[in-house]
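Participant: Residues per chain, in single letters:
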Amino acid sequence: MNFYFSLQFRMHNRRMKDFGLNPIIGYFFSIISYIGLSCLLFYMTKYAPYIYILITIGIISKLNSANRNDFLKVCFSTKKYFQLRMIENMILTFPFVLFLIYKSEYLCALILPILSELIALVNIDNKLNFTIPTPFFKYPFEFTVGFRNTFFVFAFVYFLTFMAIYVGNFNLGFFTILVVFITCMSFYSKPERAYYVWIFSLNPKSFLFRKIMIALLFSTILSLPILLSMSIFFPDKIWILLIFQGIGYIYLTTVILAKYADFPEEINFSQGVLFFLGLVFPPFILVIIPLFYSQSVYSLNKILK
Amino acid sequence: MISIENLSKEYGTRQVLKNINLTFEKGNVYGIIGENGAGKTTLFKCIAGIEKYNGIIRSNYKILKNQLGFLQTEPYFFSKITGYEYVQLLCNAREISIKNIEKKNIFELPLNQYAITYSTGMKKKLALTAILLQNNDFFILDEPFNGVDIQSNILITEIIHKLKELDKTIIISSHIFSTLNDTCDEIHLLKNGAFIKHAFKEDFGKLEQEMKDFIIGNKIDKLDLQ
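Protein chains in written order, with numbering that gives the first Met the number 0: chain A, 0 to 304; chain B, 0 to 225.
These are calculated hints, taken from the structure and not from any lab test. Bear in mind that the values here come from a model prediction, so they are computed numbers and not experimental data. A few of these clues could be false.
As the list claims (entries may be wrong) - Below are the PhoX-like pairs computed for lysine-lysine, each with C-alpha atoms no more than 20 angstroms apart in a straight line:
{"no.": "1", "chain 1": "A", "residue 1": "K204", "chain 2": "B", "residue 2": "K61"}
{"no.": "2", "chain 1": "B", "residue 1": "K25", "chain 2": "B", "residue 2": "K211"}
{"no.": "3", "chain 1": "A", "residue 1": "K137", "chain 2": "B", "residue 2": "K167"}
{"no.": "4", "chain 1": "B", "residue 1": "K25", "chain 2": "B", "residue 2": "K161"}
{"no.": "5", "chain 1": "A", "residue 1": "K137", "chain 2": "B", "residue 2": "K25"}
{"no.": "6", "chain 1": "B", "residue 1": "K103", "chain 2": "B", "residue 2": "K161"}
{"no.": "7", "chain 1": "A", "residue 1": "K304", "chain 2": "B", "residue 2": "K61"}
{"no.": "8", "chain 1": "B", "residue 1": "K51", "chain 2": "A", "residue 2": "K301"}
{"no.": "9", "chain 1": "A", "residue 1": "K301", "chain 2": "B", "residue 2": "K61"}
{"no.": "10", "chain 1": "B", "residue 1": "K163", "chain 2": "B", "residue 2": "K25"}
{"no.": "11", "chain 1": "B", "residue 1": "K200", "chain 2": "B", "residue 2": "K211"}
{"no.": "12", "chain 1": "A", "residue 1": "K137", "chain 2": "B", "residue 2": "K103"}
{"no.": "13", "chain 1": "A", "residue 1": "K304", "chain 2": "B", "residue 2": "K102"}
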């Protein structure tokens with residue numbers, strides 16, 4: 000079991016190196032970002048401890064896929080398998096529990112490890128026979144797959160929109176548009192296999208144009224119920240909604256271009272930094288888009304030539 | 000016609016393909032055989048343009064890959080994509096509008112289910128169906144019979160015959176000699192990254208016997224089975 004954890008550590012370091020980051024610097028930045036984002040979350044909302052629990056569960060659920068755990072079950076005895084899964088979840092939960100204790104959220108700090116250990120005991124079967132219907136089936140795959148993986152987010156977002164209108168809170172409704180676009184961007188977070196680009200009989204420019212057009216169309220479909228209902232109930236603030244819808248389109252386009260900028264590799268460290276700069280300093284996006292576009296055309300040209 | 004001239008491929012210092020020269024004519028079916036690791040899949044990826052290589056590949060097509068249907072040994076599927084959507088994706092990629100997929104679903108696959116829930120053979124049949132519906136002129140089928148049931152094997156053999164009849168060019172790799180015997184016009188033996196032998200249909204029996212003698216040799220005796 001020790002070997003398993005040292006192997007995980009080595010694999011994690013390799014991922015950081017592949018990303019172009021020295022692991023020591025990577026861990027340093029991870030800790031700083033973790034503390035910074037946690038402080039920001041607790042500063043922004045009184046519901047932070049609950050959101051914190053949800054985020055932690057979301058992270059540890061990634062370790063719960065049936066395929067991964069079936070493999071571990073084959074490798075280890077039943078007893079060791081459960082020990083390993085529980086230790087894994089405990090390691091991931093530990094920093095979150097520490098921060099909850101620091102914030103004197105003792106009840107949440109008690110519930111979180113219990114939940115995480117319970118999750119270690121169950122497998123999430125991702126091979127369900129039930130097919131979640133989507134309106135995107137004509138143009139697979141990003142939105143069809145992404146929507147099915149995150150459909151609960153949209154259910155929650157539409158519920159929040161309803162609540163925003165019900166209690167007359169424009170900011171809450173406007174926040175849901177941001178969540179829709181962040182979720183749509185997550186559909187483009189990892190590069191697909193080269194085969195799924197290779198199959199296209201398009202040149203890089205047409206390929207990118209097509210990907211972007213589909214993303215803009217489908218993200219509009221997902222955000223339209225929010226836009227329309229908010230426009231009806233907050234007609235004097237339509238312009239704010241439209242501005243943020245536009246910003247959403249720009250960032251979504253940037254994410255798509257970033258995804259293919261070093262294709263078939265994942266986005267590298269320097270591209271990640273540029274994208275982050277674009278997030279914190281939006282005008283910088285005007286530099287990033289043409290840069291990522293030319294890098295994407297160059298990368299795709301090797302596969303689509 | 001597709002011709003390969005002096006194709007070589009290295010991974011670091013390891014040479015995987017050595018000076019490959021080969022021509023594929025229209026309306027012919029070519030079998031590529033060789034041990035695991037001989038370089039078959041790498042050769043296919045080079046022809047498809049997925050892997051970089053040294054050498055020249057010429058064809059009558061402006062862009063060869065746009066006429067190529069590539070069935071991979073282990074087709075990859077996204078976790079939540081249905082069989083129907085997979086076919087749609089591959090047809091969209093070639094700007095082909097397809098109607099009545101159900102009618103063309105000759106392997107009777109559950110197209111509304113997620114492809115990842117399919118068995119190995121069903122996945123292969125789905126990937127094959129998709130590249131067939133792309134109306135390609137040139138096919139690379141990397142182990143098309145592997146993991147597929149006997150009924151579908153018969154069907155795949157007939158599909159290959161039909162493609163040949165339609166003047167398509169097909170390259171197949173298989174570890175089951177009889178399947179190549181039934182379908183191929185020519186078989187090429189790849190060993191350590193180089194073609195060391197080839198045979199036309201009339202000599203397939205001889206090639207198979209030579210391979211058996213070479214492969215088996217006295218290896219079984221070495222096991223000292225009691």
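Participant: Please go over all the hints and tell whether each is borne out by the structure.
Facilitator: How the hints compare with the structure:
| no. | hint | result |
| --- | --- | --- |
| 1 | A:K204 <-> B:K61 | holds, 18 angstroms |
| 2 | B:K25 <-> B:K211 | violated, 31 angstroms |
| 3 | A:K137 <-> B:K167 | violated, 29 angstroms |
| 4 | B:K25 <-> B:K161 | holds, 13 angstroms |
| 5 | A:K137 <-> B:K25 | violated, 34 angstroms |
| 6 | B:K103 <-> B:K161 | holds, 15 angstroms |
| 7 | A:K304 <-> B:K61 | holds, 10 angstroms |
| 8 | B:K51 <-> A:K301 | holds, 9 angstroms |
| 9 | A:K301 <-> B:K61 | holds, 16 angstroms |
| 10 | B:K163 <-> B:K25 | holds, 8 angstroms |
| 11 | B:K200 <-> B:K211 | holds, 18 angstroms |
| 12 | A:K137 <-> B:K103 | holds, 18 angstroms |
| 13 | A:K304 <-> B:K102 | violated, 34 angstroms |
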